[in-house]
Amino acid sequence: MFERLREDINSVFRRDPAARNTFEVLTNYPGLHALLFHRLAHWLWNLGLKWLARTLSTLARWFTGIEIHPGATIGRRFFIDHGMGVVIGETTVIGDDVTLYQGVTLGGTSWNKGKRHPTIGNGVVVGAGAKILGPFEVGEGAKVGSNSVVTKAVPAGATVVGIPGRVIVKRQGKDDVRRKQMEERMGFDAYGVTEEMPDPVARAMRSLLDHMHAVDDRIESMCKAIRKVNSEYQNGELPPLHEEDFDCVRDETDADGKG
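Read in order, the letters of the sequence shown are residues 15 to 273 in our numbering.
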């Protein structure tokens with residue numbers, strides 16, 4: 015039991031930079047409290063003490079603002095950040111290393127008995143306010159954007175946004191590798207925002223990187239043409255980009271809370 019508790023506390027530190035110490039996590043994180051309540055309620059539910067299990071889950075909802083049905087199955091290192099308004103239905107199955115943010119609903123769309131709620135794969139992240147409704151599977155490593163409404167299966171590793179939820183498919187182009195190399199040289203990661211999650215600053219920076227690639231290609235073509243005309247032309251090396259040259263940019267983004 016204490017090993018699982020230690021694992022849960024460590025998962026909070028890995029996924030919430032605001033966590034400062036173990037005592038604070040144990041006393042002030044409602045997501046952890048709701049998870050501990052649920053483990054006891056789920057054990058009672060499986061013993062057949064269903065009224066007692068439901069009563070315990072109701073008390074947990076009063077204390078934490080998080081409603082987890084005692085019949086739900088939850089894996090290891092589950093983390094609910096902030097937590098207020100999270101609802102998890104009876105037949106929900108949640109894998110390992112799953113993260114939910116506030117206002118998430120894992121609900122059903124049918125009054126029929128049996129499997130009515132979603133199955134959430136390992137490593138899934140569900141953004142604030144998202145609703146996943148129905149007895150389908152959200153594949154391992156998928157991401158569900160904030161306030162999305164998902165009513166059908168999500169492939170592993172996919173990103174879903176919008177109402178109704180749409181799987182965002184990123185087309186892989188030849189420029190993606192070059193752009194990634196340039197980002198690594200500059201120490202730029204677009205604030206951790208992927209192209210699937212459209213951030214205006216990230217898009218602007220990516221446009222600048224694409225323009226830089228185009229300019230490099232144009233200059234290289236011009237140099238080749240000049241060398242054909244004048245064999246004595248010396249093609250000098252471009253000045254390298256040093257990571258420390260961009261420290262001021264990173265410092266500013268960190269100060270804005272975007273770094």
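Just so you know, the hints here were simulated from the structure itself, not pulled from any lab data. Keep in mind that the hints are not guaranteed to be accurate.
[What the hints assert, rightly or not] Distance windows between CB atoms, simulated:
hint: 1; residue 1: Met236; residue 2: Asn35; range: 51 to 61 Å
hint: 2; residue 1: Arg90; residue 2: Leu222; range: 39 to 49 Å
hint: 3; residue 1: Phe27; residue 2: Ile233; range: 23 to 33 Å
hint: 4; residue 1: Glu17; residue 2: Asp231; range: 53 to 63 Å
hint: 5; residue 1: Asn42; residue 2: Lys64; range: 28 to 38 Å
hint: 6; residue 1: Arg90; residue 2: Asp231; range: 15 to 25 Å
hint: 7; residue 1: Gly128; residue 2: Leu63; range: 20 to 30 Å
hint: 8; residue 1: Ile233; residue 2: Gly121; range: 48 to 58 Å
Remember, predicted model here, so these are calculated numbers, not experimental data. Cβ coordinates follow ideal geometry from the N, Cα and C atoms, glycine included.
Q: Hints the structure violates: just list their numbers, smallest first.
A: 3 and 6
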